[in-house]
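Novice: This is what each chain is made of:
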Amino acid sequence: MPDMERGAEERSPAGSPRGRAGGGWRAALAQLAPILGLLALWQIAVSAGWVNAYLLPSPRRVVLAVLDAGARGELGRHVGASLLRVGAGFALSVALALPLAILTSFAPRLTAAFNPLLTFLRNIPPLALIPVLILWFGLGEASKLALIVLTSFFPVFMGAVTGLGSVDPRLVEMGRSLGFSRLRILQRIMLPESLPSLLNGLRLGLGFSWRAIIGAEMIAAASGLGYWILDAEEMARIDVVFAGIFVIGALGILLDRTAYLVALRFLPWIDVRAQWRA
Amino acid sequence: MAGVNPGRAVLRLESASRGFRMGSGVIRALDGLDLQVAAGAIVTVVGPSGCGKTTLIRVAAGLVRPDAGRVWRQESSRLGVVFQEPRLLRSLTVEGNILLGLGPGRASREGLDRVGEVMALLRLGEFRKARPDQLSGGLAQRVALGRALVRDPELLLMDEPFSALDAPLRRRLQDELLAIQQLRALSVVFVTHDLSEAIYLGDRVLVMRSGRIVRDEAVGLERPRDPRSEPFHRIQDALVRSLEPGEAGPAAHRPQSEETRP
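For the record, the sequence lines run as chains R and A.
So that you can map any letter, position 245 of the first sequence is 245 in this note's numbering, and since no number is skipped, the others follow by simple counting.
Quick note, this note's numbering runs 278 ahead of the 1-based positions in the second sequence.
Please note that the accuracy of each hint is not assured.
So the derived list for chain R, only partly shown, Cβ under 7 Å to chain A, looks like this [stated by the list, open to error]:
1) 166
2) 170
3) 171
4) 173
5) 174
6) 176
7) 192
8) 269
To be clear, the hints were calculated from the coordinates, so they are not data collected in a lab.
From the three backbone atoms N, C-alpha and C, an ideal C-beta is built for every residue, glycine too.
If we strip away everything but chain A, and leave its shape as in the complex, we get (with noise of 0.2 Å):
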């Protein structure tokens, strides 16, 4: 955990809450949700489906408002956001889409610098005119990845994005994403229904379910770390245990689906 700065928060969620209409009821995706997360730390946050992670980040990153609770980022701190999909604008190039990460206006010389210095840190260089529909699904989202790379963030927050690619790729684009992280001392939130992978990357693991954080747990293993090593296994199957329904977190806690607000 080189490079983490406990005294310094990039990111707080202070009993945020976020509903959503659902039918006549009100899906509870935040229900008080608390967070911290310090400075050139990986967060990761795994959870069964439905659970919220998605409304956390979309919530952490400003696209969605909470209904209750507070949301603070450092001010003037740059967010970099990467989806589930990697998004792309098919009427631009592997390069007119990561220069989109600059911002609407024109590109500055050192922009455009900076979108090569991307490029070739995530190896993209080949593919600098190539057109997202020519695209393999990995190389797309290290495309994404660029995007929200090139503004040169220090929060990024990452919605499962490499729940569509198969093994192999995943580790792959796992070990490059670790390596960025130590190279920028970036701060990462990173969401995942994978529980090795949250695991394999997190400073700390945090457990969601309905809403909420149930669990929070430190990971102290070295990196690189190894899925198939004992102290691995024992954490995972602690986290295993406050997965699993009824388990661990605040047993009076239930989803709260049918509630109607106000």
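So here's chain R without its partners, still in its complex pose (with noise of 0.2 Å):
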């Protein structure tokens, strides 16, 4: 291999390697170690009568309140529901932002022109939306996703739309040299070209439809963590709201880490690793 003068392991990020193999353990342990030791405070805090254990509570007495419910089947529910509203709402999102992302990319004036409408849509907090939304979808479950929608249709039709704007032209010259038409640039050289910026912003509106499930289910639902924790608040059972708290965190961090394993496992062209450390 005379001309291999760079090795695939010679460009991967530096210290990843480690991170892969052997280590990997010892790397998540230290992860782990901050938020052990952040438990451990707490827990003495409470515990030492520092705290008004009415405002916060043990996180004995959360993780209690979510093996209570989940014992009783009711944890198991709420985050059903809440998945499928997010997985819903996400995958409604990108089918969405994709079409109107290639149309821009197709239509570079027009998008100019809707540019000031977009960035003023783009910063409405869809919370302040919300009762539109009950207003033009009802109580039901399309005012619920419309808001997930909402939330997370602009970092993915960003990304798709930065991601197919920056593609090298040379590269679309190449096609044309082959005799591609406009349709088969699009479809093999600058949808695959742009995955990279395209898969930051689907990580981001998947992040940002998560976090816009407390929003959704305060409208009128009867089930979703969102509910769950609201419900928990009017019951003024604080261990439960700190319960809610943190199964939407630690599922917000699986979802995030279930992205990078699919990513990692079907874009191998793609520096997955630098992008998450992002």
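Take the two lone chains and join them into the complex the hints point to.
Specialist: Below, the structure written as structure tokens:
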């Protein structure tokens, strides 16, 4: 292999080979340590009576609340409902954002004309639209989905637009030299080339839709983690409120991790590790 | 020059002009350029940077339209273009990138066979599953050549394809190109800024300046050519003079960057 000047190993980001081999559990432990430390401190603070246990329940009580809800099947029902909503809303977001982004790449002048309007919409907090959404979509699932879509649409859309806009024009010219139509150039060259940026948008969008769940389930919901928390608040069960918060956070990590592993598996040519480090 | 068929042209440019807006003026990248490439010939084009060489390739390839004049390519003639950079798709393997040359549709059985042939020809077999970011510059450019060759082109347009490579590697790829050209009776237009490379490869060397051909020199040397030989030097000396500003070519011709187009 006389021409293999740069091996694949040499280019992989510094430190990551170590993270993969052998030392993986050590890295995980290092990341776990601050969390465990905080939990310990928290438990001590509550046990020693430094803080009011009503305002801040002990970690033990929170864990018990999670376990209790799990045992009664309540937790599974709420998690399932929320995941389903987020999944459907996010899928809808992607289904809207991708074609629109592609459309803008074909009509840059039209896009420029719409830019101020888009910026206006992008800067409205979706929560501010809840009254409008209820009015338009009612109290059922539709308004909840709409809120998730509104929250996650822009990251996905912006990621796709940025990605498509930054495709090297020389690659497009290469495609033309091979006799590719515009559609084929889009499909074979522009979409794959814009994937790193799109992936970033998808990841952000997924995180945003998950975070929108509380807002969505504030709208007359009877299930879901958001509902669970609000219900616990009304029952003055602060431990359950915290349990809900922690389940949402933990599932957020899980979703992000899943997205990472899927990207790592199916997009071997993208430096997924570098993207997730950011 | 075995295999050159002067009677049959594969590419003809007739007073082709092409300008580009640059600030407030217009650069005439091609300025009434005439060119005819015979079947089976290697025509090298040499000239200083900014003389319009790349535009010549792009116009000949049909990637940009001339503002005036005509471009004629033999109908149904298959075309391969190799750019200065490899322009490989990072999402595809070496094999996938070469496969791209066959066109947008699904690859047929014989298409896949041809990919295999081309990879063997360019000795890319062991890199079949490698990705572009794992390749050196020389390998990447060979993949780009493979992507053009898999089309089984009659005309190969090459825009300084080896200029980013070091000298020994460049010579090796030049020899590979010559061997393939002989094997397939290819017609080649090869643009370079390296005079020695132009003489080493070309049946004809065209000197280009300010969007025009200012000299057309037939190179009658036997192959393989020795760049250190006396006859090689003689041609080189003669051509160097026409590359120098203010020498040879139409003396009245000046860059027309100031001129604005109607």
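Novice: Each hint needs a verdict: does it hold in this structure or not?
Specialist: Against the structure, the hints come out as follows:
Interface restraint check: residue 166 (chain R) against chain A, minimum CB-CB distance 13 Å, threshold 7 Å, status violated. Taking 7 Å as the C-beta contact cut-off toward chain A, the hint placing residue 170 (chain R) at the interface holds, the least distance being around 6 Å. With a cut of 7 Å, the hint placing residue 171 (chain R) at the interface with chain A holds, because the nearest CB-to-CB distance is about 6 Å. For residue 173 (chain R), the suggested interface contact is upheld, since its CB lies about 6 Å from the closest CB of chain A, less than 7 Å.
Satisfaction of the interface hint for residue 174 (chain R) is found here, the shortest Cβ-Cβ separation to chain A being roughly 4 Å, below the 7 Å cut-off. The beta carbon of residue 176 (chain R) is positioned within 7 Å of a beta carbon in chain A (closest approach about 6 Å), and the interface hint is therefore held. Taking 7 Å as the C-beta contact cut-off toward chain A, the hint placing residue 192 (chain R) at the interface holds, the least distance being around 4 Å. Here the hint on residue 269 (chain R) is kept, as its CB sits about 5 Å from the closest CB of chain A, short of 7 Å.
The structure fails to meet hint 1 from the earlier list, while all remaining hints are met.
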